[in-house]
Each structure stands twice: as C-alpha cells, then as structure tokens.
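Student: These are the residues of each chain, in order.
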Amino acid sequence: MTTTRFQELIAKNEAAHARGRRITNIVMLTITGFLTLLAIIPLFWIIGYVIYRGGSTINLDFFTQLSRPLGMTGGGVLFSIEGTIVLAILSCIFAIPPGVLAAFYVARNPNTPLGTALRFGTDVLAGVPSIVMGLFIYTLIVVPEKHYSAWAGGLALAILMLPTIVRTTEEMLKLVPHTLREASLGLGAPEWKTSLSVMFPAALNGIITGFLLAISRSIGETAPLLFTALGNEQYDIGTIIRGGIQSHQSLSAIIGRIINQPVDSLPLTLWKYAQQPYPERIDQSWGVALVLMSFVLSVEIIARLWVESRKRALQG
Amino acid sequence: MLRKTFETEIKQVKDDVLLLGSMVEESILNSVEALKKRDLKAAQKILEGDRAINKKRFEIESELMILIATQQPMAHDLRLLASNLEIISELERMGDYAKGIANINIRMGDEPLLKPLIDIPRMAEKGVDMLHRALTAFVNEDIESARKIPVEDDEVDALYNQVYHELMMYVIQDPRTIERANWLLWVAHNLERVADRVTNICERTVFIVTGDLTEITDTDNEFWHPHKHE
Amino acid sequence: METKIAVSKNVTESAESRNKMEIKNLSVFYRKFRALAEINIAVHPNRITAIIGPSGCGKSTLLRSFNRMNDLTPSAHMDGEIILDGENINASGVDVVDVRRRVGMVFQRPNPFPKSIYDNVAFGPRLYGIRRRNDLNEIVEKSLRQAALWEEVKDKLHQSGFSLSGGQQQRLCIARALAVEPEVILMDEPASALDPISTLRIEELMRDLVQDYTIIIVTHNMQQAARVSDYTAMMMIDDHRAGRMIEFNETNVIFTNPKDKRTEDYVTGRFG
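Residue numbers (this note's numbering), protein chains in the order written: chain A, 1 to 316; chain B, 1 to 230; chain C, 1 to 272.
Possibly wrong hints are sitting among the right ones.
Said to hold, decoys possible - Per label pair, the in silico range of CB-to-CB distance: (1) E171/A - R227/C: 38 to 46 Å; (2) D95/C - S252/A: 41 to 49 Å; (3) I40/A - E138/C: 53 to 61 Å; (4) E145/A - E138/C: 31 to 39 Å; (5) T73/C - G256/A: 25 to 33 Å; (6) M65/B - F162/C: 41 to 49 Å.
Stated by the list, open to error - Sample of chain B residues facing chain C (criterion: CB under 8 Å; computed from the structure): (7) L2; (8) K4; (9) A69; (10) T70; (11) A75; (12) H76; (13) D77; (14) L81; (15) V209.
Rather than coming from a laboratory, the hints here were simulated on the basis of the structure. The C-beta atom is built at its ideal place from N, Cα and C for all residues, glycine as well.
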C-alpha cells in the first residue's frame, strides 16, 4: 500500500507521539480534576458547615415563633421569613413590569435616543453599590414618610433587580428569531400584539431565568434594607390579618398594614444576630443562614423544574 | 465555464451522431455500388451493417435519455437534445432505405439490370452529399448552410422524374420488363426519400438555434411558431 | 446598460385591469443604496408567478414589496406603484394591516408560533376580532384542510406547533396564512428547507391553492419554478448592484426558448 507524503512525515514520530499523547492525557486529566475539586470544595464545605452549625438550632419553633427576649427559651424567626417573602413579592411587583417594558423597548429600538439612554442607564445602575440604593430610597421615601417600611425596602431591592431583569429580558428577546415577528406582522398583527402574544411567550423561558437570577440576588441582600426596611422582630402577617378582620378593616387597610411597617429579612436578621454578643443569637444566626440557603436553593430547583416541564410541553 | 461535464457529454453525443451519419452514408453509397456491380455478397454485408446502424442508434438514444434525465436541460440544451433524438431517428430510416436497396439487389438474384445505372448513382451521390453537409451544419449549428441545403432536393426530385420517365419508356416498349423496372423505381424512390429526410435534419438545425420549427419548402412556406396561440 | 424587458405580448395585453397585482416602476432604497431598480411586473389572478435569479439579485426584496414588509426595515424606502386590484397600496394613508391580511406570506424556514396547533391557526382570525369558539373551530378546520394537514393533526390540535415535522410545520404556516382569507399568497423559497418529498407535497398544494388564490413565489430552484409556475420573472443585478427585471414571460417560454441571453445562460446553468 502506498503511503502519502503526510503519512510518511507522521510515521516517523508515530510511536513516540502515541506514548506522549497518553502521558499528556493523564497529566491534563489530573490537573483538571484537581482544579475542579478545588472549585467545588468550598461549595460543599460551606453547605456542610452551615448545616452543622445551624442544624442544631432548627426546630419547629424556629419557623413559627417570633423573637423572644434573650434568656427565654423558644422563639424563632418567623418574622424574618415572612418579611423576606413580603419583600420578595414587593420587589417583583416593582421591578418586573418596568424592567420588562424597558427591555421590550430597547430590543425594538436600540438606536433611538431613549433606547440608548435606557441601555446606558441600565449598565450604570448595575454598578451602583446596593447601599447607595438604600440611601436613595431612604432620602426619597423613608424621610418624608417618617418611618421605615416594607415597601420602601421592596423599592430598594427592585432598583437592584432592574438591571438584571432588563438585560436578560432584552437578550432573550433578541434570541427569538426575527421570522417569528415577521410572521405575526405579516398576518396583520400590530406591533404591541406581536410583542405580547408572540415574542414574549417565545422568550418566556429565558426571561423567567432572568427573573430568578434577580430574585435570588435580592433575597440575599442586606445593605439596601438597612435604611429602608430596618427590621422588625415582632412582625407577623397572621396576627395582622386576624386583627384586621376582627376590627372590620378593609382589605386595602390590611394590606397597607402589611406593607407599611418595617420588616426584617433573613439576611438582615442574620447580620443583626451575628453581631450580638449573645451565644443564643449567634446560634440563631447560623440557623437563619441555613434557612436562607435552603430557601434560595429551593427557589432555584423549583424554577429549573418548571422551566424543564415547560420545555417538554413545547416539544410536544 | 460551468457545466463542463455536460458540455463534454454533449460533444460526445454530437460525435456519435456524426459517426452514425457516416455509417448511413456509407451504407447508402455501398448499396447502390453493389447494385451497379450486381455484387450480392456486398449487399449481404449491407444487411448486416444495418443491424450495426440500429444498434448504434439505440446506444445514442440511451445516452440522450440519460442526459435529459440527469442534466435537466433547458432552453437551447433541451432543444438540442430533443432534436438529436429526432435526427437519429431520421438517420436510422435512411439506413433502412439503404437496406431496402440491398434487399432489392438480392431479390434480383441472377437477373441482369434493366439498364446501366447512371442517374440512380447520381441521386445517391447527391443525397449523401446533402446528408453530409446537413450533419456538419447540424453539429456546428450553422443555420445559414442548413437553410440552403433543402432547396437542392429539387435536383434529386428532377433526377427521380428522369429515372421514372426512362423506366416508363422501357416498360411501354416491352411490358415484360415491368418487374425489373419496378425494382429500379423502388431504388430511385428510396434515394428520393433520403434527400427528403435531409430536409428534416436541416429544419431541426434551425430549430435548435432559433426555437422556431419551420418547414423549409420553397413552395408552401408554412410557418408554425409553437408559442403563437390563436 | 440595456434595460429592455423581453415580454411576450400575450402576457400584458390581457386587459391590464384584470391583473391581480401590478408593480410599476418600483425602486427600493436602503438609505441611499438602490437595491431594486425600475421593476415592472404584472401578476395574473389565479396563477403562480415565480421570481428567479442568482443569489443577491433582490428577489426577496421584490417579494416583500407586495405586502409592504420592507417597511419593517427602518432604512428601507420604496418609490413607485404597487397595485392591488387596481389600487396603489404604496401610498400614504393606506391601511397596511389590511394589506397584509389580503396579501399573506409564507417564509423560507417554517416558523410556527410557540403555541398549540390550534392557536397558531386561530391567531390571525383572533386578531380580527373573531372570538366565538364555534367560529374559530370552523376556520381552523377549513384552513388546515386547505393546507392538506387536517387529517394528520385533527386529533392533536392542542399540541405544540413544534411537535410536527418540518414539512408539516410548513403546512401549518400555510394554514395560518390561509386562516385570514388572503387573496394573494407570497412564498419565499417555501420548500428550500424541506426534504424532497415534503417539497413535492408543497408544490402540489400550491397547484391546488391556486384555484382560489393568486400565488407569487421566489425560488432559487429552477426546476421547481419550471414545474410549478405559470409565469416566470427573471431578475439580475446590474452594474450598480441594483436588481432589475430581465425577462418576464410564460414559464414554458422562459424554459424552452428565452429571449434574453442572460436568461438563457441562467436557466441552462452556464452562469449563476
């Protein structure tokens, strides 16, 4: 069998090369494996340690009781959990509509003055320290209102979430093939209907991922809440609602009471407790850390599952 | 230039058609020569040769079908390939005329010719010459020449009339010669048909180049345009 | 440069007012660049007109002029008349939404909406205010039947449009376009992304549809244009990179005896 020039050239070093390749393979595999472990170890270490330190504090009371003064047994962080949920809901309400609308506008009109301004503004906002946002809301809302509130905290968090939401929504919209838009316009649909009924559902999976990213981040923030939500260890929605019903308050009044008070959030509570020189509080702060971590993890997992099921439904 | 393979194959087909043409030309001339010399062995050879002509014709037809199926010819290419199909059919019929002449030769057996052949060989030469030039014009797509050849058919027709009248004279003077006269008349008839078919080849040549299918006759100038609907 | 168009007399003489659509002296500009120059074409009702030509000669731009889809490109600008049933739709004050209902479009790659099969077809009618379930059911079935897809999907109308094969998706897109009862259907290389069998089915579908609609297709597949169309328009770019109409005639003529050498060279594959 005749060999080509190329085959001749490589034949000379074939044997040595084969051996060399095997060795290189092993070396690279080892290095990569080692580095991967290096990256994963801290994750598992943290998770493990938090479970270890926080696990002992977790009991039913932890989730169902408000804070008790030091020295008394029992007590929990219900107020913190409820506060976190309220803040999450409020920040979503404040951030998602403007964020999504802005993203639609920018995706459609990237080169207009407004579009350029929005994009630039979003990028700048992403770099603003979160404490500054807190300060901003403090000056704008807390001072005139003369009290701290959940909705002020929600606003501060919303501003934090805005750049992420706008950016990911915009990217996802751009990924939708333009032929989909043309098909809709070709049928005679106006632009807004096209955006709403065609582009938005098509980009929904990605947009939701963007929301989750933003929410995860905001749940874990402390600084913006320092001057806006402040903290409230006696906050209990159940009590507010029952009280409201008993005194025949209207729904809007009840809701007003829910959002118009200072609230705590898990990271805020953690921050406060961890600084206190009391061992019970320190232990509780580990418990809060555990709860917070599990909270974020479960949000991620639920979201992933939901996105997967939607994907499968779409594939038919 | 795109479609080099296709061009090469078209050239190949044209060469084959020329080859077929020369086989037919030879057949015609030989058949008349054999008749002149009363060479029955040569006549037999012509019959065999006709099988080769038919075989060649089908080979070319096969090539053409393959080209049409695989190359999706359009416009000029389509007209060319379609005309080739037509022309090899004409050539094969001319080969049959030569075969007919050889058959007559054989059937005449030992009988002598009624008269020495003079006009008949002239018809053959003229017809073959026309055929040769028509095929050349066809291969070169030379419509100038192609348009001029059909008119020479008149010469062949004139020779035929001459042969006819001469043979009639013989028959009138001696009715027993009618069989032999008939045979010679058939030969002349075949040669006259050869010249007619040459005209068809010329018309096809014009069609390939212009897309117009015109009958080139000097008397009734029938003009048929495939795209003019009434 | 010679810009004479070789057009058979039969083709334009047949009462100009009977043409379903006409384009007169159309030029399309993207800012200063002229992409299409002085296009003139007459589209006969209930016939399939094919637009062919080498890549980049402006076929798609021309097709998109018929339903003013070029408007979607902000830098695009059209001069000239685009006439539908005798009225110029390239004039100010024309209701573009209505134009796009009457002149529908099917694209090169199947692009069903991320919705169910039913909702895909019902999208158009819903836009125009048709809400009642029975009415929609009727329209969806009729459109899917016209697109030769009903039998294959009637039991799974609620499934996503993406659950169909490529050829079926394209037929779904055709059904979607038919649901708003257009008068003219534009098809931009409708079968180029499909396998040969699906392609032939789409071609047969076209021949069925043309009895009720007027169809204009753009194709780079000459054999398809030859198989399927009644009239063919040949386009090519000139020296200034503007697309021009070189020849427009019955398909038979274009493919057996074209008048312009450039057309001849293109259809015989000597250039392209």
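Student: Have a go at the L81/B hint: is there a Cβ in chain C nearer than 8 Å to its own Cβ?
Tutor: This interface hint is violated because 11 Å lies over the 8 Å limit.
Student: Holds or violated: is the Cβ of D77/B closer than 8 Å to a Cβ in chain C?
Tutor: holds, 5 Å
Student: Lying within 53 to 61 Å: is that true of the beta-carbon distance I40/A to E138/C?
Tutor: For E138/C against I40/A, whose Cβ atoms are near 59 Å apart, the range 53 to 61 Å holds.
Student: Taking the CB of D95/C and the CB of S252/A, does the distance hold inside 41 to 49 Å?
Tutor: 44 Å Cβ-Cβ, so the 41 to 49 Å window holds.
Student: Mind checking the hinted window 41 to 49 Å against the Cβ distance between M65/B and F162/C?
Tutor: Between M65/B and F162/C, where Cβ atoms are some 44 Å apart, the hint holds.
Student: Please check whether A69/B passes as an interface residue: C-beta within 8 Å of a C-beta belonging to chain C.
Tutor: At about 12 Å, which exceeds the 8 Å cut-off, the nearest Cβ of chain C leaves the hint on A69/B violated.
Student: Given V209/B as an interface hint, is the shortest Cβ-Cβ distance to chain C below 8 Å?
Tutor: violated, 11 Å
Student: Can you tell me whether the CB distance of E171/A to R227/C sits inside 38 to 46 Å?
Tutor: Hint holds: Cβ distance 43 Å, inside 38 to 46 Å.
Student: Minimum Cβ distance from K4/B to chain C below 8 Å?
Tutor: violated, 11 Å
Student: Report holds or violated for the interface hint on A75/B, using the least CB-CB distance to chain C and a cut-off of 8 Å.
Tutor: holds, 5 Å
Student: Range hint 25 to 33 Å: satisfied by the CB atoms of T73/C and G256/A?
Tutor: Check failed, 50 Å falls outside 25 to 33 Å.
Student: Within 31 to 39 Å or not, the Cβ separation of E145/A and E138/C?
Tutor: For E145/A and E138/C the Cβ distance comes to about 58 Å; the hint is violated.
Taken one by one, the earlier hints fail for this structure at numbers 4, 5, 8, 9, 10, 14, 15, listed in ascending order.
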